[in-house]
Amino acid sequence: MNDRPALRVLHLEDDPADAALVAETLRSEGIACDIVNVDKRDAFEAALEQGGLDLILADYHLPSFDGVTAHSMAAVRRPQVPFIFVSGTLGEDIAVEQLKNGAVDYVLKQRLSRLPSSVRRAIREAEDAAERARAEEEVRRLNAELEQRVVERTAQLMDAKRLVEAREIELRDAKSLLEDLLAASPSIVFRIDPENFTITYASPNVGWLLGYDVSEIIGVRNFWRRLFHASDLDRAVDHLHDALSACAVHVEHEYRLCGKDGRYRWFFSLMRIEYDERSRPITILWYCSDISDRRAAQQALLETEERTRAILRTANDAFIGMDGNGCIVEWNERAETMFGWPREEAMGRMLSETIIPSRYREAHRNGMLGYEGSGKSSVVNQRLELSALRRDGAEFPVELTIWVSGGSMGRTFNAFIRDITERKRADTAIRQAKDDAERANHAKSEFLSRMSHDLRTPLNAVLGFAQILAGEPLSAEQHDSVRQILSGGRHLLDLINEVLDIARIESGRLGLSPEAVGLRDVLTQAVELIAPLASHRQVSVVVAGDALRDGRAVVADRQRLSQVLLNLLSNAVKYNRAGGRVTVSVDEPTPNTIRIKVTDTGPGISSDKLRMLFTPFERLGAESTGVEGTGLGLALSRSLAEAMNGSLGVDTESGRGSTFWVELAATVDPGSMMIDRQPAAAAVSPPPAREATVLYIEDNLSNVRLMGRVLNRRPGVTLVHAERGGLGLEMARARRPDAIFLDLNLPDMGGDDVLREIRSDDGLRSIPVIVLTADATNGRTELLRELGANHHLTKPFEIDKVLAALDSVLVATTEAEGP
Amino acid sequence: MTGQGRILPREDARRILLVEDDRFLRRVCETSLQQRGLAVASATNGEDGLRLAKEQPFDLILLDWLMPRMPGIEVLADLKADAATREIPVLILSYSPREEDRQRALDMGATGYFVKANLSLKALCGEIERLLS
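Those sequence lines, one after another, are chains X and A.
If you read the first sequence in our numbering, its first letter stands for residue 2, the second for the next number, and so on.
If you read the second sequence in our numbering, its first letter stands for residue -10, the second for the next number, and so on.
Do not take every clue at face value.
Claimed, not checked - With a straight-line Cα cutoff of 16 Å, these simulated EDC-like cross-link-like pairs (lysine to aspartate or glutamate) come out: (1) K111(A) x D277(X); (2) K110(X) x D129(X); (3) K111(A) x D243(X); (4) K105(A) x E253(X); (5) K111(A) x D763(X); (6) K111(A) x E275(X); (7) K105(A) x D90(A); (8) K105(A) x D277(X).
Calculated from the structure, these hints are not laboratory results.
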């Protein structure tokens, strides 16, 4: 205790001696102390207030104060400071009570020697107490600190829990979103464990895309192989094998995957493969997108393209495409041969520099610019004929149509181009041939017309003068000669007429007027006409019972039908035996057809000659029989029958006679259609003599002389003559003739022009004109009538007809002039 | 592959810049390149990739052709226009197998062109190692 600082002691004692004794006792025992002595309440209180005390000593009995009160005050104010009573009179009871109240000890003044040990114990106890208090304080503090930490940690844990909950919600949301996305996605997602090739994840849309439940797939070894179409499995396995050995991370292919129902569809397959550090695959993520629609469209497109390619490849025409810049983008095989540019060289070249002759390139460029500007073009969608340029510089004609197709890559101008060199050549040849044919035809017509005229004009003289001679008093021999001349002349005339008819039929210029022709009329007439010849040959002509029955009619040209019937009848008479018979009969092989048959009793025709029966000029040896004939009659008759939509044929048997027949369409007889035939008797009774002047405009003098002789039969008629048309018109104006005979072929002008002049001249207009012409070409009569001819007679003319025509115009004039 | 597990890049390791927006491809490329002892920096779009290329030195750039915010073609043009980056070999990663796209990339100065479909890590890494050796 010696090293301890001096004890600070407060001593409440009223007796200074006792105070000194106490101090001395303590010091003597080696207890260092600073003692503050107080004997009053105020001082004691002040000392307590001041503090810094280690020990309080107090007497029990004090004059103005007492130790018990002091103890109470100290217990309140300084409870830690030990309090020891030092008194001479303290009773046992009080002492015990004060000890219970916290006093440390009490020491009787009489036994002061106990004080030092008491003080020491008190101080030790106080110090222990203080130490304990400090320790308790520390524990308290630590407790408080711990509690604070627990609170804070708890708060932290609460936060963490909330965070975890929030993350869980987020995760749940994300998972839900993923599930939703995958459920409706057109792509199935699988995860494959490459260790054993089981599927460890399958997105739920596998249900509606392939018909599987996820639970059927997960964990089933090698299930992925079942998903492939049998034809794609090997391929897919190879692909995956290759990918794994190359460490491929992103593998795209297209496969057919089978649904549970066995049907397959096309899928786009994407595998993403992750590897560990030893290049072993860890995971395979496999995405499968349904692309069956796209595949189908692609397939269709492919087929269309393939077909188009095939068409273009085999096309007979060149097919060329050009883009908006004028570059060639299509060039088929035919284009290669047509233009001489191989496809690989042509593609990408400027079209205009490749196939367009340089002189047209400017126009081509302008056309393109115009189309770009206005979308209009004079060439698009038109059939065009142009000149094209071959690689070797040659030009050739082409035909083409351009059309525009618009794709995503811009416009394309397309054309099929046809090389028309051959066609052009053929066209030219055809045109040439047609021109030649037309020229030849024209020449033929010209020739026929000329022949007609040239042959008839002299024949006119021959027959005319022969007829006049026949009326003269001649010896029998002379008469016979004249008859021979007339017979030969008429035969020649028939020949010319038939040749002309055949020529007309061949050239399609035979004018026909089909009408209903009553059979009774036409047959009666024909039989009447043939009667003189028949009686001359001693052949009887018989018309079968009902042939002339009323009401039968055929569709025919009346004139031509007569001609055919006459031909058949005259043949039947001419090639009959003497005393033979010709039978005319009619039947109806079908309800709409009438067949007129002419049957003879001649020798018949052998089958080897039948073939040539209808060949022109073929007389089957008749030329040696003395029978007159042209050899044209049957050929012409058949042609005429056919021209009238009928037919003509023969049934014959050698030695048993022949039946020639003509078949025509039946029709209804128009009834009482009586033909107004001028009786030949007109010439027999000449009209009363009348003074008249007749002008004959004709360059052929023998014809003029013939006419002079003919007009001798009309004593009152004076003939004046002009050799040329112009002269004829002058004479007509000077003489005002009563009638004009006009030849059509005059040296200075055409007879038709003379006629026109006459009809347009007021002074001449009323003069009747009779046209005489050797030109028997069909259609002239109609034309001449239109021009104003009163009559048209063909040369060689029959005298009777000339007189009849003249009489009729003179009578008409007389009547018009009459009273 | 070395078979020794991942090798952490050494201080002097060659540096690769990987510009790729596809997370999966970025991951597998990063992993694979790091396994070969290469240092890999990644960017997920063209802008970031170009910025990184200008801030740091790289020995090779792997560049995606189609990316958000600046496509690969623009990044490449910029890299080749800048003297500081012009010499860095650039390998293109593209989805397009079209020859004209490949030619275009090569014409613009790319060193190689890889089509992502069926992209082989062995081939890609082999080419990178060849270029760096």
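Cross-check of the supplied hints:
1. Of the supplied pair hints, the one linking K111(A) and D277(X) holds, its CA atoms being roughly 13 Å apart against a limit of 16 Å.
2. For a cut-off of 16 Å, the pair hint linking K110(X) to D129(X) is broken: about 27 Å separates their Cα positions.
3. With a C-alpha separation of about 12 Å, the suggested pair K111(A) and D243(X) falls inside the 16 Å cut-off, and the hint holds.
4. Distance check on the hinted pair: K105(A) and E253(X) sit about 9 Å apart at the alpha-carbon level, within 16 Å; holds.
5. Of the supplied pair hints, the one linking K111(A) and D763(X) is violated, its CA atoms being roughly 121 Å apart against a limit of 16 Å.
6. Annotation: proposed proximity of K111(A) to E275(X) holds, straight-line Cα distance about 13 Å (limit 16 Å).
7. For the suggested pair K105(A) and D90(A), the alpha carbons sit about 13 Å apart, so the restraint of at most 16 Å is met.
8. The hinted pair formed by K105(A) and D277(X) fails the criterion: a straight-line CA distance of about 20 Å is larger than 16 Å.
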